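Listed in order, the protein sequences are those of chains A and B.
Numbered according to this note's numbering, the first sequence spans residues 14 to 332.
Numbered according to this note's numbering, the second sequence spans residues 14 to 332.
Worth flagging that the hints you see were computed from the coordinates, not collected in a lab.
Remember, predicted model here, so these are calculated numbers, not experimental data.
Check the hints yourself; a few may be wrong.
To be verified - Chain B residues, not near chain A, derived (Cβ > 10 Å throughout):
| no. | residue |
| --- | --- |
| 1 | Lys26 |
| 2 | Ser39 |
| 3 | Ala48 |
| 4 | Asp50 |
| 5 | His69 |
| 6 | Pro87 |
| 7 | Asn101 |
| 8 | Ala113 |
| 9 | Pro180 |
| 10 | Ala183 |
| 11 | Pro202 |
| 12 | Glu241 |
| 13 | Ala260 |
| 14 | Trp287 |
| 15 | His291 |
| 16 | Thr311 |
Unchecked claim - Derived DEER-like restraints, expressed as beta-carbon distance ranges:
| no. | chain 1 | residue 1 | chain 2 | residue 2 | range |
| --- | --- | --- | --- | --- | --- |
| 17 | A | Ser39 | B | Pro306 | 41 to 49 Å |
| 18 | B | Ala183 | A | Pro73 | 57 to 65 Å |
| 19 | B | Ala183 | A | Ser39 | 45 to 53 Å |
| 20 | A | Ala292 | B | Thr89 | 30 to 38 Å |
| 21 | A | Asp300 | B | Ala70 | 36 to 44 Å |
| 22 | A | Glu241 | B | Ala240 | 55 to 63 Å |
| 23 | A | Gly140 | B | Arg100 | 55 to 63 Å |
| 24 | A | Glu139 | B | Ser109 | 29 to 37 Å |
| 25 | A | Ser35 | B | Gly313 | 47 to 55 Å |
| 26 | B | Ser33 | A | Glu139 | 53 to 61 Å |
A virtual CB, placed ideally from N, CA and C, is assigned to each residue, including glycine.
Protein chains: 2
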Amino acid sequence: MTLAVGLDLGGTKIAGGLVSPSGSVSATASVPTPADDGPAAIITAAAQLVAAIAGHAREPVAGIGIGAAGVIDPVTGRVIAATSSLRNWAGTALGSDLQAATGLPVACDNDVRVHALGEAWLGAGEGAESMLLIAAGTGIGGAYVTGDGPTIGAHAAAGHFGHIPSPEAAGLPCTCGRTGHLEVIASGPAILQAYERAATAPTAPGAPTDGRFTYPSTTQDVVRLAAEGDATAAEAVAAGAGALGRAVAGLVNSLDPSLVVVTGGMADAGPTWWNPLHAAFDDELMDIVRDCPLRPATLGSNAALIGAAKLVFDERARS
Amino acid sequence: MTLAVGLDLGGTKIAGGLVSPSGSVSATASVPTPADDGPAAIITAAAQLVAAIAGHAREPVAGIGIGAAGVIDPVTGRVIAATSSLRNWAGTALGSDLQAATGLPVACDNDVRVHALGEAWLGAGEGAESMLLIAAGTGIGGAYVTGDGPTIGAHAAAGHFGHIPSPEAAGLPCTCGRTGHLEVIASGPAILQAYERAATAPTAPGAPTDGRFTYPSTTQDVVRLAAEGDATAAEAVAAGAGALGRAVAGLVNSLDPSLVVVTGGMADAGPTWWNPLHAAFDDELMDIVRDCPLRPATLGSNAALIGAAKLVFDERARS
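Let the hints inform the model, and build the full structure from the sequences given.
What follows is the structure, given as structure tokens:
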């Protein structure tokens, strides 16, 4: 048996573990991402984590699979584009630099696609011919996975589902520079902002009038308020979930996947979020695809490690 | 060399031709579709057309490829669902019935996917890794084509791009029974209806007031009026083209295809339609995919014959 090290490299931490060819995970560990220290420091931290994890291996380690933040080209192993959460990350030769630092072969892709690959292999999508993974959290992203793995795209940019025009987001400025995209109504920060817009409107029922009201400062606060019955909060959560459900249904009408799997921070928000998501999704599906399941992911944070390791096993199977 | 007969089976006619392994088309012919006479009559008409076409072949005919109206399962060769344009068409064992009637192996898929396969092989998408084909005419449909061919989907329903929620279509009833889908603002009939809604509104500039105005009765009339400078007509055309451009850009942000190819009746509408299509498409693309080309199809009606024949050649290559 040969093992792989699976890594999940995000803006705040690098997580990793040993993954067996059957997908069992052991020796998990993580380190903070030195996000402000530049790519070389990040590669060094990742290599040290790999060494610590690989030290637990009782079988040979065939390689490292890594899912990383940013737009990653899995063929060249380079970071094509990235947000500012990792300083100077765009342009990093992630694959070859990590290979040089560890002496192990490296396979990489972006974090969401690797997460999707894990769920498709051994999670909520196990056995399905095709799967649409939706990651709803700080942003809205995802992956369309078939028997050939996640769709990568001509610019390695496939999966930017947050940038579908959304009727509910009309006129709102998007993180990408356009307006009216799904992400600005359905992401976690967007739900907080929708609450803030409504709660500060002069006639809003939840508007603070006596100075003793404490504003929610996080999306989790808004979700909690909604669960407690606050109408303004419930509307903000439902608006985001509804917009997401409708857009995802449009993707299902377009691609007819075997199922949709939902992950990310919003997937933990409970029925206040899931109920309007399901309702909007069901409302928009054409008859012929209306039995398409919409389910939560099942592997949690292990999904990315398992999916990243799968990149290594798949590469070995091909060569 | 071995030839294939390519067939395009639509609501009004069955077209066909001999196709060589390099994609050259000869001996084209067509017959009216006996749409009201039931599936057996349609299969008989198709088989007679095949016999007439195959009579011109100077090389062996390996099989028949057919792209047909309706939701077609390419694996079973059955018609899963269909509109009323072909009576009792749903449930027809298209593949095996045509094989029995002709003695030739039959490969089938729906007309739009076969059209897309032709364009991907030898048309506007030649050499591209992936292609999104948009067919804009009586309805809005299409196909997402990769190296493995067109995406089929779990219910053979992939490509129903007309059923993406569209901000511009909010509240309008869709052919699928829902409301607010792209098709009801962007299809040819939808553009005619948008013109009618605007022209009959009391304050519309194009409203007939003197009894001598002749209403446009077809989408082509509206397109012609728009090209002649009629503002109401131009707005109806631009609304449909703009909604389509935005929805297609959302698909490009989601799937990152190498290019988008546009076909169908609306693709012949000239700059009155193409200009707002391009403008809306360009407006919605994220920076990373903004060089994605949007181009007209190049093979005309031969695309379906070529794509249908490709199904036969691909099947032979696999076996």
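Now for the hints, and whether the structure bears them out:
| no. | hint | in the structure |
| --- | --- | --- |
| 1 | Lys26 | 26 Å, holds |
| 2 | Ser39 | 34 Å, holds |
| 3 | Ala48 | 21 Å, holds |
| 4 | Asp50 | 26 Å, holds |
| 5 | His69 | 38 Å, holds |
| 6 | Pro87 | 13 Å, holds |
| 7 | Asn101 | 18 Å, holds |
| 8 | Ala113 | 27 Å, holds |
| 9 | Pro180 | 4 Å, violated |
| 10 | Ala183 | 5 Å, violated |
| 11 | Pro202 | 18 Å, holds |
| 12 | Glu241 | 31 Å, holds |
| 13 | Ala260 | 7 Å, violated |
| 14 | Trp287 | 19 Å, holds |
| 15 | His291 | 16 Å, holds |
| 16 | Thr311 | 20 Å, holds |
| 17 | Ser39(A) x Pro306(B): 41 to 49 Å | 47 Å, holds |
| 18 | Ala183(B) x Pro73(A): 57 to 65 Å | 58 Å, holds |
| 19 | Ala183(B) x Ser39(A): 45 to 53 Å | 52 Å, holds |
| 20 | Ala292(A) x Thr89(B): 30 to 38 Å | 33 Å, holds |
| 21 | Asp300(A) x Ala70(B): 36 to 44 Å | 42 Å, holds |
| 22 | Glu241(A) x Ala240(B): 55 to 63 Å | 59 Å, holds |
| 23 | Gly140(A) x Arg100(B): 55 to 63 Å | 38 Å, violated |
| 24 | Glu139(A) x Ser109(B): 29 to 37 Å | 33 Å, holds |
| 25 | Ser35(A) x Gly313(B): 47 to 55 Å | 52 Å, holds |
| 26 | Ser33(B) x Glu139(A): 53 to 61 Å | 44 Å, violated |
Violated hints for the displayed structure, listed by number in ascending order: 9, 10, 13, 23, 26.
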